[in-house]
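Undergrad: As a plain string of letters, each chain reads:
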Amino acid sequence: MSEQTSNPIRDAIAEAIADNPVILFMKGTPDAPACGFSARTVAALQALDAPFAAVDILPDPRIRQELSGLSNWPTIPQLFVKGELVGGADIVTEMFESGELAQTLGVEQPADATVAEPQPKPLGIENRLG
Amino acid sequence: MPTPDEIKQRIEAALPGAAAEVEDYTGGGDHFRATVVSPAFDGLSRIAQHRLVYDIFGAEIGGPIHALSLTTKVPEQA
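Just so you know, the protein sequences line up as chains C and D, in that order. Going by numbering that gives the first Met the number 0, 112 is the number at position 113 of the first sequence; the sequence numbering is gapless. Going by numbering that gives the first Met the number 0, 0 is the number at position 1 of the second sequence; the sequence numbering is gapless.
Don't take every hint at face value.
Chain D regions said to be covered by chain C (calculated; three or more residues, Cβ under 8 Å) [to be verified]: (1) 35-43; (2) 48-55.
Examples of chain C residues lying across from chain D (beta carbon under 8 Å, computed) [what the hints assert, rightly or not]: (3) 36; (4) 74; (5) 84; (6) 86; (7) 89; (8) 90; (9) 105; (10) 108.
The calculated label-pair distances, taken between Cβ atoms and stated as ranges, are [as the list claims (entries may be wrong)]: (11) C:102 x D:42: 28 to 38 Å; (12) D:72 x C:110: 25 to 35 Å; (13) D:15 x C:106: 37 to 47 Å; (14) C:110 x D:15: 22 to 32 Å; (15) C:17 x D:47: 18 to 28 Å; (16) C:14 x D:16: 36 to 46 Å; (17) D:0 x C:18: 33 to 43 Å; (18) D:58 x C:11: 36 to 46 Å; (19) C:28 x D:18: 20 to 30 Å; (20) D:50 x C:58: 18 to 28 Å.
What the hints contain is simulated information worked out from the structure, not anything from laboratory work. Cβ atoms here follow ideal geometry from the backbone N, Cα and C, with glycine treated the same way.
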């Protein structure tokens, strides 16, 4: 995809990031994550009881392309807080376990903070974007 | 299809002083998990550390390398 001056999808992504203090771009939805990494990231946010906006990138492959172009981050999920990319599943999990995520989100760290690592689901859904 | 050993070698060749451990954690040849220790990470945020590793593979991430799960450390943390 070449750089274009008018890019409605990229503009919509940038606007969503600007408008939502905590926003997660993921595969599937928080209730039905379509990938183990997205599930793990949602679990960390939910364990902190942190409100977040979520965008499913699966319906249109251009969302992922434009998001990665914008963030310079190749993988999904991507968590943004106050307009800044915080990271993907690895970084979010690591920050959750260390208490930094609670700090970044301005919420209380629960006493027994652990995230179960779900096994990656069968790859059929993810491969829609293969 | 990349092998864990290829990924390890490419990381170690690209990052000065890096030591990488890479496993194929689904056995499917496309989901990898890597722990990378390199002085090149010193002083960088986690985002920047992971980008250094992702940049080695460019568009292969999300393509033939479906997922590369990362833990990055500087030698003092290892």
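Undergrad: What are the numbers of the hints the structure violates, in ascending order?
TA: 1, 9, 10, 11, 14, 18 and 19
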